[in-house]
Amino acid sequence: MHHVLSVLVENRSGVLSRVAGLFSRRGYSIDSIAVGPTEDPAVSRMVIVVQADEDGLEQITKQLHKLIDVLKIHDITGEARVERELALIKVQADAANRGDILQIVDIFRAKIVDVAEKSLIIEITGDTDKVDALIELLRTFGIQELVRTGRIAMVRGRRVEAAR
Amino acid sequence: MAAVRATKQDIYHGGDAAIVETQTTITGAEALIKSLQAEGVDVVFGYPGGAVLNIYDALHQSSLRHILTRHEQAAAHAADAYARVTGKPGVCIATSGPGATNLVTGLATAYMDSVPVVAITGQVASFLIGKDAFQEADITGITMPITKHNYLVKDAKDLPGIIKEAFYVASTGRPGPVLIDIPRDVAVGELSYKHPESVELSTYKPTYVGHIKQITSAVAAIDEASKPLLYVGGGAVAAGAHAEILELAEKADIPVTMTLMGLGAFPGEHQLSLGMLGMHGTAYANYSVNHCDLLIAVGARFDDRVTGDIQSFAPHARVIHIDIDPAEIGKNIHVDIPIVGDACNVLKEIVAKVAPKQHTHWVTKIKKWKQEHPLHYEIEESNCQAAGTSQRVHPQAVIDALYELTKGDAVVATDVGQHQMWAAHYYRFAQTRRFVTSGGLGTMGFGLPAAVGAQIGKPDATVLCIAGDGSIQMNIQELATVVQEKLPVKVFILNNQWLGMVRQWQELFFEKRYSHTSLESGPDFVKLAEAYGVKGMRIKNPSEMMAVLEAALAHPGPVVVDCWVKQDENVYPMVPAGKGLSEMLGLEGK
Numbered sequence: 070m071h072h073v074l075s076v077l078v079e080n081r082s083g084v085l086s087r088v089a090g091l092f093s094r095r096g097y098s099i100d101s102i103a104v105g106p107t108e109d110p111a112v113s114r115m116v117i118v119v120q121a122d123e124d125g126l127e128q129i130t131k132q133l134h135k136l137i138d139v140l141k142i143h144d145i146t147g148e149a150r151v152e153r154e155l156a157l158i159k160v161q162a163d164a165a166n167r168g169d170i171l172q173i174v175d176i177f178r179a180k181i182v183d184v185a186e187k188s189l190i191i192e193i194t195g196d197t198d199k200v201d202a203l204i205e206l207l208r209t210f211g212i213q214e215l216v217r218t219g220r221i222a223m224v225r226g227r228r229v230e231a232a233r
Numbered sequence: 024m025a026a027v028r029a030t031k032q033d034i035y036h037g038g039d040a041a042i043v044e045t046q047t048t049i050t051g052a053e054a055l056i057k058s059l060q061a062e063g064v065d066v067v068f069g070y071p072g073g074a075v076l077n078i079y080d081a082l083h084q085s086s087l088r089h090i091l092t093r094h095e096q097a098a099a100h101a102a103d104a105y106a107r108v109t110g111k112p113g114v115c116i117a118t119s120g121p122g123a124t125n126l127v128t129g130l131a132t133a134y135m136d137s138v139p140v141v142a143i144t145g146q147v148a149s150f151l152i153g154k155d156a157f158q159e160a161d162i163t164g165i166t167m168p169i170t171k172h173n174y175l176v177k178d179a180k181d182l183p184g185i186i187k188e189a190f191y192v193a194s195t196g197r198p199g200p201v202l203i204d205i206p207r208d209v210a211v212g213e214l215s216y217k218h219p220e221s222v223e224l225s226t227y228k229p230t231y232v233g234h235i236k237q238i239t240s241a242v243a244a245i246d247e248a249s250k251p252l253l254y255v256g257g258g259a260v261a262a263g264a265h266a267e268i269l270e271l272a273e274k275a276d277i278p279v280t281m282t283l284m285g286l287g288a289f290p291g292e293h294q295l296s297l298g299m300l301g302m303h304g305t306a307y308a309n310y311s312v313n314h315c316d317l318l319i320a321v322g323a324r325f326d327d328r329v330t331g332d333i334q335s336f337a338p339h340a341r342v343i344h345i346d347i348d349p350a351e352i353g354k355n356i357h358v359d360i361p362i363v364g365d366a367c368n369v370l371k372e373i374v375a376k377v378a379p380k381q382h383t384h385w386v387t388k389i390k391k392w393k394q395e396h397p398l399h400y401e402i403e404e405s406n407c408q409a410a411g412t413s414q415r416v417h418p419q420a421v422i423d424a425l426y427e428l429t430k431g432d433a434v435v436a437t438d439v440g441q442h443q444m445w446a447a448h449y450y451r452f453a454q455t456r457r458f459v460t461s462g463g464l465g466t467m468g469f470g471l472p473a474a475v476g477a478q479i480g481k482p483d484a485t486v487l488c489i490a491g492d493g494s495i496q497m498n499i500q501e502l503a504t505v506v507q508e509k510l511p512v513k514v515f516i517l518n519n520q521w522l523g524m525v526r527q528w529q530e531l532f533f534e535k536r537y538s539h540t541s542l543e544s545g546p547d548f549v550k551l552a553e554a555y556g557v558k559g560m561r562i563k564n565p566s567e568m569m570a571v572l573e574a575a576l577a578h579p580g581p582v583v584v585d586c587w588v589k590q591d592e593n594v595y596p597m598v599p600a601g602k603g604l605s606e607m608l609g610l611e612g613k
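Chains A and B are the protein sequences, given in the same order. Take the numbering used here: the last position of the first sequence gets the number 233, and nothing is skipped along the way. Take the numbering used here: the last position of the second sequence gets the number 613, and nothing is skipped along the way.
There may be inaccurate statements among the hints.
Which residues of chain A face chain B? A few of them, derived with a C-beta cut under 8 Å, are [what the hints assert, rightly or not]:
| no. | residue |
| --- | --- |
| 1 | GLU79 |
| 2 | GLY83 |
| 3 | SER86 |
| 4 | GLY90 |
| 5 | ARG94 |
| 6 | ASP124 |
| 7 | GLU127 |
| 8 | GLN128 |
| 9 | LYS131 |
| 10 | LYS135 |
| 11 | ILE137 |
| 12 | ASP138 |
| 13 | VAL139 |
| 14 | LEU140 |
Under the rule of at most 25 Å between Cα atoms (straight-line distance), these lysine to any residue pairs were calculated in the SDA-like manner [as the list claims (entries may be wrong)]:
| no. | chain 1 | residue 1 | chain 2 | residue 2 |
| --- | --- | --- | --- | --- |
| 15 | B | LYS535 | B | LEU608 |
| 16 | A | LYS131 | B | TYR227 |
| 17 | B | LYS180 | A | VAL84 |
For the record, the hints were derived by calculation from the structure and aren't laboratory data. C-beta: ideal position from N, C-alpha, C; glycine also.
Using the sequences plus the hints, can you model the full thing?
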């Protein structure tokens with residue numbers, strides 16, 4: 070099953086390499102990983118989506134804890150949370166089908182962020198299902214390029230963890 | 024020591040003594056040496072090179088002892104062995120690039136066996152990093168998976184803090200190697216030196232005290248058990264829990280089996296000792312695992328060489344697992360009562376609370392297994408003078424004799440292979456920190472440099488290096504270090520002219536297709552030893568064995584004894600890979 074781990078780490082060079090290396094070394098694959106600074110510039114947050122059973126998750130969590138640069142790990146899989154992914158999708162488009170595409174973009178509350186003669190760039194944010202659904206619909210028009218950020222997530226309401 | 028230089032600030036702020044004090048500067052290299060000394064380091068093992076010239080210059084001007092090995096790998100192994108015998112972190116130094124990569128096997132060895140080693144590597148200057156400069160290698164990247172932590176120092180002023188932290192990380196919690204990579208400009212850079220008094224590491228807080236509820240459950244389980252078994256690993260040695268293990272074993276009448284890394288944590292000759300368990304464990308240890316109703320694991324990690332087929336391991340037992348590393352608990356096996364904490368602390372509590380008990384039925388049963396399936400070899404042949412000069416000695420007999428001659432009191436370093444298993448079986452270690460062997464990684468070439476490190480760490484001890492003719496050739500150059508440092512190391516090469524353990528597997532599992540395991544070309548180890556200036560001796564047959572061993576041990580300096588041992592001898596018992604512990608081969612000999 071998929072687990073969403075929210076991991077606070079020291080914002081130091083090499084930390085992404087340490088974390089990613091640990092997953093591959095211990096035989097767990099990362100579905101997605103998103104990293105960025107937090108409200109404290111000395112601390113970064115990684116949101117890691119990993120496929121693992123309960124034992125596997127326990128093991129990877131414990132191994133992550135052993136990394137000196139890791140501050141906190143929170144498995145937010147079961148928590149009420151806001152989860153978002155951002156994707157940029159370049160779709161083939163000409164005068165004939167631009168209207169159809171715009172309609173779909175509207176329904177998804179996505180945005181057109183670039184218009185060229187024969188293509189559009191669409192920006193969408195949402196949970197993974199929503200992004201997937203839009204991508205599926207746009208396939209019929211021909212997707213030229215696709216960029217996804219991987220998931221970021223935040224637990225609703227109470228603050229779940231402080232870095233220090 | 025190097026002169027202390029004053030900066031411009033001293034002049035500007037001249038007159039204020041406190042400021043002058045804090046503003047005097049030294050180089051990064053000098054700060055490194057000062058920091059090592061402040062950490063209580065009295066010896067480092069290393070090999071100089073371009074990127075560590077400044078460090079070596081500072082070393083030259085200090086009182087810190089340096090042992091020049093003949094290969095960086097040997098420096099890492101020597102530092103590792105020094106740590107294993109003294110319990111203090113071992114330190115090694117290598118230059119950038121190839122010097123640093125030569126440490127890799129040594130660091131992986133220390134990592135697998137949880138040994139505190141601090142490795143210092145030189146690095147090309149910061150502004151050259153990433154430019155594929157001469158002798159540049161990304162050693163922090165390379166060693167990430169084989170160190171507990173590592174550092175690339177970016178500013179000379181960070182050095183004192185990083186070194187303090189490195190020693191703290193290496194030696195606390197579950198110990199392990201830590202590497203500090205120092206670019207050349209950082210070694211040259213100036214800083215105002217102050218040794219930090221403490222370490223502030225909010226992200227690293229090992230648990231030393233066991234949870235009281237878990238300890239209570241463990242005590243109850245021990246009190247209830249009728250067939251308990253202690254399974255003791257290297258963590259018990261690291262924690263110094265040997266006295267507590269002895270106390271618990273005797274108070275609650277619990278037999279004790281040890282992993283390769285745990286040997287010595289419980290006296291090998293004690294009537295409750297079952298010796299080693301696992302792939303080459305004793306029959307009675309493995310039977311005990313199969314029959315016990317409570318397995319008390321202390322600082323052991325249920326390695327595949329211990330458990331064999333994990334599904335059939337200890338099938339009737341509840342499992343108590345005491346370990347300082349929470350990640351070890353539940354990693355390989357389901358644990359009923361986990362206790363995270365320092366083995367010494369936890370066992371103290373358990374011993375105090377556990378009820379005195381006799382397990383007569385269980386102990387008698389094990390005694391019977393001991394009588395039925397003792398460790399054995401055909402002793403009559405090797406000890407019989409009439410066997411003549413055509414027979415070779417039994418390798419086990421050499422270890423047996425060394426055990427008797429040194430009264431079980433030597434420090435024994437080994438390489439990896441058959442000789443290592445025979446050393447584990449026949450040198451019945453009475454004390455902890457006497458057996459220096461690469462258990463987890465299984466590093467051939469470990470023995471001789473380890474003997475160097477052990478002899479430096481314990482100058483008064485008799486240090487034996489038990490090696491195979493294959494392994495010894497992987498770091499034979501260290502004989503030069505032995506001579507240069509005048510170390511009275513006694514090297515015994517169990518020479519069967521084979522890569523014996525691989526040959527054994529080929530015999531048993533590959534229908535005797537001996538693919539590339541014959542080492543019949545030698546060399547002549549006696550002549551080789553003499554070329555290094557080491558006394559060389561040889562045992563060709565059983566009739567001369569005792570006299571040669573006695574002479575070798577009596578020799579005041581280093582000796583290499585080339586022991587021509589039986590060539591087709593196998594290590595038994597043996598559990599084939601992937602089989603359960605009850606499926607042992609070789610119980611009745613071959």
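Cross-check of the supplied hints:
The beta carbon of GLU79(A) is positioned within 8 Å of a beta carbon in chain B (closest approach about 7 Å), and the interface hint is therefore held. For GLY83(A), the shortest C-beta to C-beta distance to chain B is roughly 7 Å, which falls under 8 Å, so the interface hint holds. Residue-level restraint check for SER86(A) holds (minimum Cβ-Cβ distance to chain B is 7 Å; threshold 8 Å). With a cut of 8 Å, the hint placing GLY90(A) at the interface with chain B holds, because the nearest CB-to-CB distance is about 5 Å.
At a threshold of 8 Å, the smallest CB-CB gap from ARG94(A) to chain B is about 5 Å, leaving the interface hint in force. For ASP124(A), the shortest C-beta to C-beta distance to chain B is roughly 7 Å, which falls under 8 Å, so the interface hint holds. Interface restraint check for GLU127(A): the shortest CB-CB distance to chain B comes to about 6 Å, inside 8 Å, so the restraint holds. With a least beta-carbon distance of about 6 Å to chain B, the hint placing GLN128(A) at the interface is held under the 8 Å criterion.
About 4 Å separates the beta-carbon of LYS131(A) from the nearest beta-carbon of chain B, less than 8 Å, and the hint is met. At a threshold of 8 Å, the smallest CB-CB gap from LYS135(A) to chain B is about 6 Å, leaving the interface hint in force. Checking ILE137(A) against chain B: minimum C-beta separation of about 4 Å stays under 8 Å; hint holds. For the restraint placing ASP138(A) at the interface with chain B, the shortest Cβ-Cβ distance is roughly 7 Å, inside the 8 Å limit, so the hint holds.
Look at VAL139(A): its Cβ gets to within about 6 Å of chain B, closer than 8 Å, so that hint holds up. Given hint, LEU140(A) at the interface with chain B, holds; its Cβ is 5 Å from that chain's nearest Cβ, closer than 8 Å. With a C-alpha separation of about 16 Å, the suggested pair LYS535(B) and LEU608(B) falls inside the 25 Å cut-off, and the hint holds. Under the criterion of a C-alpha separation no larger than 25 Å, the hint pairing LYS131(A) with TYR227(B) is consistent with the structure, at around 13 Å.
Restraint check for LYS180(B) and VAL84(A): the C-alpha separation of about 22 Å stays at or below 25 Å, so the hint holds.
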